[in-house]
Structures are given as C-alpha cells and as structure tokens.
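Q: Chains A and B, in that order, give the protein sequences.
Counting in the working numbering, the first sequence runs from 1 upward without gaps.
Counting in the working numbering, the second sequence runs from 1 upward without gaps.
Read the hints as simulated data drawn from the structure, not as lab findings.
Note that the structure is predicted; figures quoted are calculated from it, not measured.
The beta-carbon is built from N, C-alpha and C at its ideal position, and this holds for glycine as well.
A couple of the hints might just be wrong.
Claimed, not checked - Residues of chain A clear of chain B, computed beta-carbon distances all greater than 10 Å:
no., residue
1, A24
2, N98
3, A189
4, A228
5, L327
6, R365
7, M478
8, K510
9, R536
10, T670
11, D736
12, R740
Unchecked claim - Between beta-carbon pairs, the in silico distance windows are:
no., chain 1, residue 1, chain 2, residue 2, range
13, A, G655, B, R238, 48 to 58 Å
14, A, R749, B, P136, 35 to 45 Å
15, A, L454, B, A226, 20 to 30 Å
16, B, T142, A, G619, 51 to 61 Å
17, A, R749, B, G77, 25 to 35 Å
18, B, R238, A, A763, 28 to 38 Å
19, A, D687, B, G77, 21 to 31 Å
20, A, D591, B, A226, 46 to 56 Å
21, B, P136, A, E682, 47 to 57 Å
22, B, R116, A, D687, 53 to 63 Å
23, A, G619, B, R238, 42 to 52 Å
24, A, D675, B, R40, 38 to 48 Å
25, A, Q249, B, A226, 40 to 50 Å
26, B, T142, A, R749, 43 to 53 Å
The residues making up each chain are set out below.
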Amino acid sequence: MVSAIWMPEPTTPLPEPFAGWFAARGWEPRAHQLEMIEKGRQGRHALLIAPTGGGKTLAGFLPSLIDLAERPPRNAAPGIHTLYISPLKALAVDVERNLMTPIAQMGLAIKAESRTGDTGVARRQRQRVKPPDILLTTPEQLALFCAWEGARRYFEDLKCLIIDEIHAIWPSKRGDLLALAMARLAVFAPDCRRIGLSATVDDPDLIRDWLSPAGKDAVDLVRGAPGAPPLVEVLLSEDRVPWAGHTAQHAMPEVYEAIRGARTALVFVNTRFQAEFAFQELWRLNEDSLPIALHHGSLSAEQRRKVEAAMTRGELRAVVCTSTLDLGVDWGDVDLVIQLASPKGASRMVQRIGRANHRLDEASRALFVPANRFEMLECQAAREAIAENAFDTELPRTGALDVLAQHIMGCACSEPFDLVALHDEIRGAGPYRNLTWEDFEAVVDFVATGGYALRVYDRFARIVRGQDGLWRARTAEMILRHRLNVGAIVSAAMLSVRISSGKRATPGRKIGEVEEGYLEVLDVGDTFIFAGSTWRLMGVTQMDVLVTPAPGEEAKMPSWGGSKFPLSTFLAQRVRAMMSDPDHWRALPGDVREWLEIQRDRSIIPGPDEMLLETFPRGQRHFLVCYPFEGRLAHTTLAMLLTRRLERAGVGPVGFVCNDYALAVWSMKTMEDLDFAALFDEDMLGDDLEAWMAESPMMKGAFKTCALISGLIEKRNTRDNKSARQVSFSTDLIFDVLRRHQSDHLLLRCARADAAQGLIDVARLGVLLARIRGRIRHARLDHLSPFSVSVILEIGRQKAPGEGAGEMILLDAADTLIAEAIA
Amino acid sequence: MTAAMQFDAVTQHPRGGLALDLVSETVVCRASGALWIPARHILVVADMHLEKGSFYASRGQMLPPYDTADTLRRLAGEVAGLEPDQLVFLGDSFHDRDGEARLAGGDIESLRLMARGRRLIWITGNHDPSGPCGLPGEAAKTLAIGALRLVHEPVDGAIPGEVAGHLHPCARVKARGASVRRRCFVTDGERLILPAFGALAGGLNIRDTAFSRLLRPRPLAAVLGAGRVHAVGWASLRDD
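So here's chain B without its partners, still in its complex pose (with noise of 0.2 Å):
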C-alpha cells in the first residue's frame, strides 16, 4: 500500500469525523479527538490524564481544577451523540494512581451515567498501571477488535492494526505564511495514535523522532478543527 493510495481512502464520515482505513477496519477520527469504530459501535479515547489539574494544585502549581469535568463533559457529548456500546479508554485516564481518589462526587456520577447500558474497558496505562478501583468497568492491558490491537503505549516495530495513544500527537501546520499547533491523529495505513483527549494533556510533535520510530515515512495527519478534522500531508508539517 503506497501513501497516495492510503490518502484516496480519507473521506469526510457522515456522522462528522474523518473516516479512513487501517488494514481491514474503518475507523472515524473524530473532531473532538474520540475514534469512532462505526462496524462495531466502539468509541475509543486516549490519554484522559483525569485530575491532572489537582495533581500539580498538590505540588504547588495551582492549575485549574476543572480539567476533570471539562474532559468528561466532552466525552458525555460523544457518547450521547453516539451512543456506542462500548467505550474503551486507550490508556492514562487518569493522570496519576491517586487520581483516582481526588475525583470529584459529581465526576464520578457522570462517569456512572456514561456507564449504563455499554461496558467501558480501561487499558491501563503508565500513569495509571492498575486501572481503577472503584469505579464500573473492567481493566484490560491489551484488546482485540478484529483486526484491531487496542493498546496504550505503541510497541516497537511494525504491527498492522495497532491503535495506541501515550505520546499525546500534535501537528504544527503550515499555509498562508503562518501556522497553527492543534492536536491530531497520525496514521501511516497500519498504525493509529490517537491524540490525547485530556483538557490539560499537553502534545509532541508528529515530527519528532519517538513517532518516526513507529511510522512509516511522511504519515498522514488527521487534524482537529473546529467541529471538523483536517486531513493534512507531511508537506504542510513543521517543527515547532
């Protein structure tokens, strides 16, 4: 499968997102940075990092604390819209193994309420290797959905199919003699990372060797844009 032919197969999805192949499965990258799998009725989210904002508050640096329900309320938003029947957090939902415990009672509730009627599965994490304790769902290291592997950190070597998150994608894009940073999908035909869909994750470049390691050369781009994502070349791709 050469690069051009893999771009031919990205089309706009007619529920919203950008759809594209990745060996045998169709997937729809989402504007909200969700992966939308529509064969199966699977919405995936990587890299929540939940409670990220109280984590540093803890240490001194008082961020926001409402990183946690900003997330969730987005992730309520696909849900609703959605409605899938399963939902699966590819990893680092919460932003460390005490995030857990700083939750929120009106968090946890929401979390309850997206619960109800579809199984969440939590692929655990660096930041949060054991999954969570208390609230519903199972914990998983690794999951299967056709030709699919489900995992939060991307392995070394080429394994087609590979969904994965931990490295937060960013694309710097360029047009018109500025550019702007957004957060993005990367996919080379047989691996997709997704972006991390945490209101304080923070990005990497797409251009930085952790994700040329993994991809073959010039991966396409799936940007987020307001209510839309962009499908950009390498071309238009810059440092930061």
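The shape of chain A in the complex, shown without the other chains (with noise of 0.2 Å):
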C-alpha cells in the first residue's frame, strides 16, 4: 500500500500476531506506526502528527494493543489499560467500531467500549463494575469520572491515554478541561502516558507543551509521512466576480456542475444562512434531482444524524454543510470538497480538504468559490499557502479560571482535597502551568461562597475545609448538582420550529430548532428559508416558533451575521502582500486584475503595512472607509472606538459598517481634515475600550458562558427544569449587579478575558495600531472608490450595532407610538 522510502530500519519488528495480520492484508507497517510502537516500549509521551488517510488512530492504538496480547494473565481483574478521548461522540463510537476489527480478525482478548453521553444506563453501569480494558469517551465524561468517588480506583492501573484531534480541542475551554483531568489522571496513575493525535499544524511545540505534565520536552514528537499535496482551484466564474456580497450566487450553475461531476462534494460555507441560502439555490437548479443534503448547527440532532447515517451509506451526492462538518468520521467516497465564500484560514481549509479522500497516495480535490474580488484575492492566497504547505499561526493557551472552578468542585465531589497538593497537581496541566497561588486560592474561594469580597455566605459555603485540613463538598445535594452541570460547551437555547395548525395556530410537527435570536431581524408575516424550504413566520411561544408552508415566495434574506471566523491573521498578511505587489496581480483573473488597476488608477493601493483610508462625500454624508484586513471582530470594536472618538472631535457620527476587510463610518461632517494619526493612536484601547466594553453585549453573554461553565448558575437544576431561557435574562441582572459592586470578581476577570480574546478581539486591534503607526494613507477622494464598495454595500444588511444602541431602539419605538397615535 505504501512504499518503504519513509521507513527508518525498525529497530522493534512488530511482533506476532500484528506482524501476520499485517501480511494477511497485504499491508507493510509505516514508519510512523513502528515509531508509536518504539515509543511505547520505551515508555515515552508521544505527539503524532499525520495527514488524514495515514493510519493515523491505528497508530495511536497498536502500542495499546501489543502491550494488552502481551500482557501475563492475572488475577484481579485489570481496570482500564487506554482511554482514548475524542471531541466527538459519533467519532468515539466510529473508532470503537474500527479497532472491534483488527481485534476480532487477531483473536485477541481485548475488549473496547465507547462510553458518551447517548451510552444507556445499563451499559455505563456495567462499565463501572468491568472495566473495558479500552474505554472510549469524549472530555465531558471524562470530567464526569474525575467528579465520582471511586475514580482514583478506577483508573490506577490506567498506561496510556489516547488524545484523538488533538489540534482541534487543545486552545479551547474543553481542551482546559480535560487538560484538567489529565492532570489528575497523571496522580491516579503515575506511569501512564499520553498520546496526541494530530493533523498538520504550524507549530506542533504549542500541542507538546499542552499535552505533556511537565513542558514540551517530555513529549517526543513523531511525524507520519505528508500526503499528496491537495488540488485546489479558485472557481473563476464565466459571470465576473461581482464586487460584493457574500453568497455566491453567480456561480451556483458552476458549483452544480462540480457537484455532478464528483462522486460525492461537501459544499462548506461560512455561516447557517449562507447554507440555507446556497441548499436552496442548489435545488433550483437540481434537474437531475441529485440526492444533494443540508448539515448545518441549527438544524435538529436528529435531522443531522439522519444526514450523517445516508452518507456513511453512501447514498449522497453533496451535503451543504458548516463547520459541523469540519470534524467527523470517514466518508470514504467523498472526493471533492467546494468552498463556497472566502475560506477565512488556512489551517482550517486544510482540514476541510483532507474530509475528501481518505487515502493518502491520492491528492484531495477541492474547489475554492469566491463571493467577491477581496475573497477572491484570500481565495488565491489560501491556495498559495496551502501550497507552500504553510498554517496559522496559533498562540499558547492559558487556562480559563471558569473552567478551573468547575474542575475544582469535580475534584471535591470525588475525595478531599490538601489545597497545596490540588495546586501542584492543577500545574501539571498544560495550561495551568502558570497559575499564581493567588489565582488559585481566588477560584477555591469563589467555589466555596462565590468570591465576593462581602463575606456573608460561609454559612452556605459549597466546599468546606474539614478538621482534618482537607476540602470537601458540603452536601451530597452539591455533588448531585455538580455532576448535572458538567462541561465547557454552552450552547445558545433552543427553540423549536414547529408547523402551526389550525385556526388557533397551536404547535404541530416539529421541522427542526433554532438558536434564540436566530430570527430575531424576522417580523411575524415574514418568509425565511429554514431546512431547505420556504416558511411563513406565525409566533414565537416560550419554546417554539410557529410557522406555515410558504412553498414558492420570494423569502426575506435575514442578515448574513457574518461569518463565526474571522479572517486568520496569517491569511490576511499574505492578501495584503499580494494587493501591493503588481506582479502578483497576474496570478488573478482579468476583472479582479482590472479592479485593482481601477483602485490604483483612483485611490491608492496601499504597501503591505500601510492601512488605506479613504474620505469621501456621498449622499448628505460624509464617509471614512479604512481598510486593516484585520476581520470583521477586530473591525467592529474599531468602528466603536472611533466612533467615540469622532463624537469628540464634533463630526457627528451617524453609523458604521465592518466586514472582514475595511470598515465605513459615515458623518454629519467632514472628517478628510482629521488628524489621523491621532484618531487611530494606541490609547484607545484605554478608558474608552474599557467603558465601551462593560455596557457591550458581548460581554454579558460572555458572562453567561463564564457563569454556567463555573457553576455559579445551574444550566440544569436538580429542582425545577428552569429553561435556559430564563436563566439567560438573569445572568445580566447579576452582572450588573456585580459590576457595580465588585468589578474585579473572578467572573468578570474571566468574561472580560473571554471577550478581548474571542468576540472583540482586542489583541489583533492592539497589533494593527502598534502596525499602522506612520504609516496611514489617506486618499482624499470625490466619491467612492472600487475598493470601498465592498463595505458600502453592507449598510442596511447590518443591525444597529451596540453600545447606545439600546436606547436609540426605544426613541425609536417612542417615534412610532406618536405616529400611531396621529394617525
């Protein structure tokens, strides 16, 4: 199946039965498989980094499995050999399913069990009792175990753990958690030893340093052989690429024919509108009625395992689908993979191409289909990266102090604890290493009573220190609770979509679920696509949203949203150094060619660490279009900062657009007189980032999410079923509350850390002012330049943004009240 040319001479021949079985299928061993084994004899960590088609999990497994056939018959019965953890439960049960195979076909007594959250009682209750000799689970029930009494039993003879996708959990608040229960596993059972499975990444030092107890040098790394380097092409549409939007719709026809070209095409977009919207047009034009499918977050479980089960059976020809799809088992018959609208990184196109083609001697195809010129310019970058074979760049993970809490109440659920020895232990996780003892006791202590700096509930105290100096769980009702609310995913709360029947419009069938706020821009009357089909929005109840057929009507296009990710810092480089560089252009089709001429010949195409800015007048106002490609996160928090700041100067701001390539602010006044260089100084990320934040949104549900990880709200509750709606608005009263009362509570620490790091992205902003410094460009232009159309274009698509906006939205209102009443 593959040649020898990688093969070092094995210094460890696998030993029978592997080396028969091997044979019997016509298989040699890879270099990297016997470099696992070697590193398991010797006892050593190991990172395995390897393409998708490698026999990557069989790597990870086969020192497990030699070690288990080879192993004296004993009396007791043994506890778990290998725990292999997975992000995914349907990957848990898949790779379950995989090992049964060479474990059957070798006659070796070794058994392997998945344990998830679907597992049923009778079998999780079995498992307790008779250990598998090879459990597989996700992080959530791993945290689970550590929060039970018998885990350090359980798990003391416990030789290797298995990480499987190792990249895409690690900077992650899951990754902390089971980072976490590494940590205590590694006191269980002192000799086990850890293995992370991973796809390519830019710098594999990052995934050692995070899996090992004790810094990356611990955890030797072993790499499998590339694959063949993947096809990619950029789609260049007979239509020209229009000049903005996001969906594409020119090339659909294209797209249709690539569809029916392949054997089976996963169609990724950006964002669950984008889905809807691509599914829909695809269906139009299906005159072949391919059996083409729709995987997007929204949609119920059980409609996307329905979609899953027909795929594994091969009975597909594409599935439109989002980043639920960016993980997940083998589809063997996949063979193209079509992008549709920018890819935003490298390292996740990667990922997505290797879903095609799972054999590593055969390239993956796939198709970049870009919406407009700037995403056709990342489009042509991403391809050139990916090339060169060149990732993302990632940043070291430091532990979230949320997580630590919940982590900390799991241990008390299980033994008391010494608190110098929980410390030690807490800093033999990856990311934890660092953790002061002030942080430390700040989190045992919020555990405890909440951390308040108001000393009134030690009375209630949930974990209490006992006579004999070590920390436990009060009541057994704390443990109970603890072990209700374990985890670090928390999801948006559902609602159902449901048809509506009758004349009293009561909830029928249900076609699939919601996100709260997922309709929020829809007024009841309005049509909107959801699950590929046009509806008629009727009501929302306190848990469904009522709606009719509304089969053939032009369906209102809610706001796009954006896409979840933003453009890497990475891609963005290389796109601004492909814009200024000329010679570059000729790598791009003639329209976009032609584009940038037009920009060059009106405006300025700016070096690659100037930032454009542009002024200009159109309508009654006047405009500021700048241009950082820092995405569309980064630019938001901008557009707020100025916006402040334009106030102050006395131009009137009126309002702002960002994508993830420029952003458009728009005046009363003129602002070409301005003084730039002071408007974009780094001091804004000061008093007015600070004051800006604590009113945003995004901070509030920060808060929410740093509330339920910690434990300081129940997301299930052992007395009522309280829906998660409820708990949504209360979380925000007790934010402010808290604000006003003690603004340096740990949970605002954590939700202000959540917030500059993911949903504002204030690091990026502090980059791109240290970076532009000097060296703004200022066009002053007549009117609009081709470069500015892009943004302008989404004025009006875009919802009133943030802080003030609030009460703009009830004067508003107050306006139509009057208007009403006249009339």
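Take the two lone chains, each set in its own frame, and fit them into one complex as the hints suggest.
A: In structure tokens:
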C-alpha cells in the first residue's frame, strides 16, 4: 500500500500476531506506526502528526494492543488500560467499531467499549463495575469520571491516554477541562503515557507543551509521511466575480456542475444562512434530482444524524454544510470539497480539504468559490499557502479560571483534597502551568462561597475545610448538582420550529430547532428559508417558533451575520502582500486585476504594512473607509472606539459598518481634515475600550458562559427544570449588580478575558494600531473607490450596532407610537 | 375610553418620568421603576425581592450578596428626590419568608432612615405573606388611595383603578432591525402593573397570556430607559 522510502530501519519488528495480520492484508506497517510502537516500549509520551488517511488512529492504538496482547494473565480483574478521548461522540463510536475489526481478526482477548452521553444506563453501570481494557469517550465524560468517588481506584491501572484530533481540542475551554482531567489522571496513575493524534499544524511545540505534564521536551514528536499535496482550484466564474456580497449566487450553476462531476461532494459555507441559501439555489438548479442534503448547527440533532447516516451509506451526492462537518467520521466516498465564499484561514481549509479522499497516495480535490473580489484575493492567498504547506499561527493557551472552578468542585465531589497538593496537581496541566497561588486561592474561594468581598455566605459554602485540613463538598446534594452541570460547552437556548396548525395556531410537527435570536430580524408574516424550505413566521411562543409552509414565495433574506470565523492574521498578511505587489496580480483573473488597476488609478494601493484610509462625500453624508484587513470582530471594536472619538471631535458620526477587510464610518460633517495619527492612536485601547466593553452585549454573553461553566448558575437544576431562556435574563442582572459592587470579581475577569480574546479581538486590534503607526495612507476622494464598494454595500444589511443602540431603539419605538396615535 | 385617547394623555412629567391618567388619578411612571402619585405624595415600588441573592446562596448558587443594598440604594435615591409622605411596598418585598432575618445591619439601617418622617406600608405578597416583623411600618393586604386600589397580585376581571405588581412586566421593543428587552409598566388605562424594583428580579414579557387575561387588548408599555421612560405602543413589541 505504501512504499518503504519513509521507513527507517525498524528497531522493533512488529510482533505476532500483528505482523501476520498486516501481511495477510497485504499491508506493510508505516514508519510512524513502528515509531509509535517504539515510543510505547520506551514509555515515552508522544505527539503524532500525520495527514488524514495515514493510519493515524491505528498508530495510536498499536502500542496498547500489543501491550494488552502480551500481558500475562492476572488474578484480579484489571482496570482500564487505555483511555481514548475524542472531541466528537460519533467519532468515539466509530473508532470503537474500527478497533473491533483488528481485535476480532487477530483473535485478541481485548475488550474495547465506547461511553458517551448517549450510552445506555445499563452499559454505563457495567462499565463502572467491570471496566473494559480500552474505553473510548469524550472530555465531558472524563470530567464526570473525575467527579466520581471511585475515580482514583478506577484509573489506577491506566497505562495509556490517547487524545484524538488534539489540534481541534487544545486551544479551547474544552481543552482546559481535558488538560485538568489529564493532570488528575497523572496523579492516579503516574506511569500513564500520553499520546496526541493531530492533523498538520504550524507549531507542534504548542501542542507538545499542552499535552505534556512537564513541558514540551517530555513529549516526543513523531511525524507521518506527508500525503499527496491537495489539488486546489479557484473557480474563475464565467459570470464575473461581483464587487460585493457573500452569497456566490453568480457561481451556483458552476458549483452544481462541479457536484455533478464528482462522486460525492462536501460544500462548506461559513454561516447557517449561507448554507440555507446555497442549498435552496442548488435545488433550484437540480434538474437531475441529485440527492443533495443540508447540515448545520440549527437543524435538529435527529435531522443531522439522518444526513450523516445517509452519507455513511454512500447515498448522497452532496452535503451543504457549515463547520459542523469540519471533524467527523471517515466518509470514504467524498472526492471533492467545495468551499463556498472565503476560506478565512489556511489551517481550517486544510482540515476541510482533508475530508475528501482518505487515501494518502491520492490527492484530495478542492474548489474555492469566491463570492466577491476581495474573496478572490483571499482564495488565491489560501491556495498559495496550502501549496507551500504554510499554516495559520496559534498562540499558547492560558487555562480559563471558570473551567478551573468547575474542575475544583469536581475534585471535591470525588474525594477530599489538600489545597497545596491540588495546586501542584493543577500546575501539571499544560494550560495551567503558570497558575499563581493567588489566582488558585481566588478560584477556591469562588467555588466555596462565590468569591465575594462581602463575606456573608460562609455558612452556605459548597465546599468546606474539615478538621483534617482537607476540603470536601458540604452536602450530597451539592455533589449531585455538580454532576448534572459538568462540561465546558455552553450552547444557546434552542427553540423548536413547528408547523402551526388550525385557527388557534397550535404547535404541530417539529421541523427543526433554531438558536434563540436566530430569527430576531424577522417579523410575524415574514418568509424565510429554513431546513431547505420556505416558511412564513406565524409567531413565537416560550418554546416554539410557529410557521406555515410558504412554498415558492420569495423569502426575505435575513442578515448574514458574517462568518463565525474571522479572517486569520496569517491569511490577511498574505492578502495584503499580494494586493500590494502588481507582479503578483498576474495570478488573478482579468476582472479582478482590472479592479485593482482602477483602485490604483482612482485611489491608492497601500503597501503591505500600510493602512489605506479613504474619505469621500456620498449623499448627504461624509464617509471614512479604512482597510485594516484584521477581520470583522477587530473592525467592529475599532469602529466602536473610533465613533466615540469622532463624537468628541464634533463631526457627528451617524453609523458604521464592517466586513473582514474594511470598515466604513459616516458622519454629518467632513472627516477629511482630521488628525488621523491621533484618531488611530493606541491609547484608544485604554479607558474608551474599558467603558465600551462594560456596556457591550458581548460582555454580557461572555459573562453568561462563564457563569454557567464556573457553576455560579446551573444549566440544569435538580429541583425545577428552569429553561435556559430564563437563565439568560437573570445572568444579565447578576452582571449589572456585580459590576456596580465588585468590578474585580473573578467572573468579571473571566468574562473580560473571553470577550477580549474571542468576541472583540482586542489583541489583534492592538497589533494593528502598532503596525499602522505612521503608516496611514490617506486618499482624499470625490466619490467612492472600487475597494469601498464591498463595505458600503453592507450598509442596511447589518443590525444597528452596540452601545447606545438600546436607547436609540426605545426612542424610535416611542416615535412610532406618536405616528400610531396621530394616524 | 379608546386606546388612542388614553395615549394622548401620556406626557413627560417635569420632575422626571411619564405621567398618565389612571381612572381619575394622575400617576407618574419613574425611570427607576417606582410609581409616583404626585397629588398625594405617595411613592410605590413593587417586587423588591430583597435577599434573593442570599436565598439562592443558601441553596448552593452563590448569586452576588449585593442585591439588597443595590435595590435599597436606588430606592433611597427616589425617596431623597421626591420626599414622599408615604412609601408603599407593593408586595414580594422579600424573596422569601426568612429574607428579613438575613438582612445585613447596614440595610436595616437604610430602611429605618427612609422611614423617618413618613409612613411605610408593606402590602403582603405571595413571597412574604405576613409582612415584616422588626422593620418600621405596617402591613396590609390592600390599600385604597382615592380611586386607586393597591394590591400585590392583580385580580382576574376588570377592576378600574387597580395598581398591582407580581408579574414583573418586561417588554421586548423592536426598531432599527434590532430589539432590546427592558422592564416596563403596562397599562390599559384602567389597570396598571408595575415592573419589579429588585435588582435581581427577572421579568415576564407583557405579550404573555398572563397579561392578556388582565388587560384590554393592545395596552401601553411605559418602558424604562436610561433616566427616561419611553411610551411604547403595541405595534413595536415582540415576543422573546
């Protein structure tokens, strides 16, 4: 199956019956598989980086299978030997199935079982009493194990811990939770080896450091042979690429043809609305009635499972999907990945392309379909990055304190702990290696009594210090309640979409679920596309969205909401470099080249480290458009801060709009004579940022997540089944009270850190302001430039933004009342 | 009285708040969520839910212990600004029967200060059915003020002049392609329901059937904004 070129002289030949099993199938073990066996024999931690289709999972399990096959018979029933953690439930179950094949064919006496949230009660109980040799599970299940009284004994025989798709877990709160559980396992079973299985990444050392109990050098790096480089094409549409927009509607006939020409295609998009739109468009063109399905996070789990099952059976020709299918079980039939609209990052793209063709020696095929001209630049940049095997850069991870709070409560539920010993244990987790004693104590105090400066809750403490000096959960009920709320995934409250029936509009058949707020832009009576059909919104009740079918009607296009993933810094750099280098324009199609030339003639093409800023009048307003290329999040934050300053400068800013490349602000008075160096000075990240953040809905959202993860608020309650909707309101009230009375509270710190990192991209904004200092190129124009069209056309499509908007809405509504009263 | 006529009578009050006529009495909806009856110098607040934080803490959810102080500070601000002769608590002043016993010394003190020189009337609610034990003022089930009848829980059937709390009205207001959710007063011109005054008291959307049972169709929402109350018509309201 594979040549021996990559194979070093194997120091450990494959033992029987493994050698025979490989031979019987006409396989030869790959170099990285043998190397992983060798690491196992040496008792070393290892990170295996290999492309999809490289026999990576088997390489992870081989050392354990060999060890288990060779173990001498024992008197006592052994505990778990190998624990396998996957980010997806479905993947754990799939790997269990794949593992059973070699075990059965070699006749090994090894028991491998999965355990997920979906596993039945009987099987879970049996697994506790009679543990399998290999247990396959998820980070959340492992956290539950860690909060169980029997955890220490249950895991004392553990020899090996395998983390699959580690690149997708480590830089997240789920990763923090997993790292903490790993640190605990290391105390229960000090000899346990850790194995990470990863796709190709920019900097493996970051993952080695995360995986290791003691810094990156304790983890050996093993690399699989690279697969054939992917064949990536950028669609040069016969219809010209539009100047603006996100739908790629112009290219749909060509996308349909590409699907027709493929065995099975995955069509990735960046938002759920885009998914619905593309699905609708493709079915309109689907004269051959090709089985094309839809898969995104707002569809019900049941619907998604159906699509996945049909895919597994090879019944589908295409699935239009969002990041919900970035990871997942292998579908051998997929031979084409289509990326509709911009790729946003090189690493994610490689991951997506890897979903096509799981054979190492054949190239994966991908087609990028840019929706506008900036995206054409982005697609070309991504294509070149992939060809050079260059990836997005990541930053080291610092563990979140809300996750730590959850873990500490879990530890107390499991067994009494000593404060100093627990601090030492936690610092064995990569992301918490630098956890200070002060922060640790603050988190323990938070777990016990909420961490308030006003000390009135001591008698209600959740964990208490006993006379033996050890900390334990105060009551059995606290333990029960903790276990109901384990996990670091906080999903938005979901509403059921149901067909409204009868005159009284009673909820009927369920067609899916939507996140609360998903349909906020719509009014009763509006039509919209959902789950591939057109519906009319009839009303919203506490739990349900009521709709009636509206086939064939023109659906109102809700806001695109932009992509969840901002343009990566790495890709943005490449786009800027490509744009500023006319020699590079030759790689671009004629109409895009022409667009750049007009921009050069009418305005300015900035250098790679410069920021272009244009001012021009339009209609009754004056516009300022700048092009930082730092992604929509950072731009929105910048626009908020600029608006505050422009307000103070007296130019009367009226509104702004942002996309991944640019932002536009418009005002009553001209802005062309402002001091732009001062306007973009880095000091805007001080008080202005602090003041704006405190009020921003993003902070409230981040606070809610932290409150749920840390256990301040319960997702699920033993007493009553309070829905997530009700919780959502009261966390806003808690946030307000806390901000007024204890603004340095632990959870406010957590929320600020989360918002700054993920929601408003402060770090990136800081880098931008430093980069453009003294490098702002101002173009004073009479009218809008070719570049500005993309962002100007967004006006009216985005919601009224942020601060002060609440009061504006109320004022507008009050005006409506006056109109109502006069009429 | 038609809805349109009733809305014509809505004006901004010179001392702040939205003045409207409820049967024959003029009342002012304050941005704080309190109700001011200017002709009689009476201030009314509903559903303070004092000690809600410590109630949850006693059951293992450590909500901030600052809600009582926060609520009383806002109340003290209104009292200092308007100098009422009577201060009426419209029920559910405490989140639970033991709430009073958990009050911090400083909070008791600020209540005593507010009671100085005026009458405090504690209308009982479902969370605090017996009124306070050691605090100044007297307990009552209802209170008649001219044509108005003050009670905690609104009674089914139209009773002109009823002023109640209990339901914690909130409005989701939509404009400019976005929406905000705020506490509000809600009235049909005959009955008025006050928003909850408590810092940690949640809210119920006034489009809920709990309100349509009590109010005539398309009532007016007086929505609390920053230092200002906005009169919002039914057409601008949305479900949650």
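Q: Report holds if the minimum CB distance from A:T670 to chain B is greater than 10 Å, and violated otherwise.
A: Check passes; 25 Å lies beyond 10 Å.
Q: Against the range 38 to 48 Å, how does the distance between the Cβ atoms of A:D675 and B:R40 compare: consistent or not?
A: Since A:D675 and B:R40 have Cβ atoms about 58 Å apart, the given range 38 to 48 Å is violated.
Q: Could you check the hint for me, namely that A:Q249 and B:A226 are 40 to 50 Å apart, CB to CB?
A: holds, 42 Å
Q: Far enough from chain B: is every CB of that chain over 10 Å from the CB of A:A228?
A: holds, 48 Å
Q: Over 10 Å to the closest beta carbon of chain B is the bar; see if A:R740 clears it.
A: violated, 6 Å
Q: Mind verifying the non-interface call on A:R365? Its CB should be farther than 10 Å from each CB in chain B.
A: The claim stands: A:R365 keeps its Cβ more than 10 Å from every Cβ of chain B (closest is about 41 Å).
Q: Regarding the assertion that A:A189 does not contact chain B, is the least Cβ-Cβ distance greater than 10 Å?
A: Non-interface label stands for A:A189: nearest chain B Cβ at 32 Å, farther than 10 Å.
Q: Quick check on a hinted range of 28 to 38 Å for B:R238 and A:A763, using CB atoms only.
A: Check passed, 36 Å falls within 28 to 38 Å.
Q: Run the C-beta distances from A:L327 to all of chain B and say if the shortest one exceeds 10 Å.
A: holds, 33 Å
Q: Verify the CB-CB distance for B:T142 and A:G619 against the hinted window 51 to 61 Å.
A: Between B:T142 and A:G619, where Cβ atoms are some 59 Å apart, the hint holds.
Q: Is the distance from the Cβ of A:G619 to the Cβ of B:R238 consistent with 42 to 52 Å?
A: Given about 31 Å between the Cβ atoms, the range is violated.
Q: Determine whether the non-interface label on A:R536 survives the test: each CB of chain B must be over 10 Å from its CB.
A: Label holds. Min Cβ-Cβ 16 Å, cutoff 10 Å.
The structure shown violates the earlier hints numbered 7, 11, 12, 13, 22, 23, 24.
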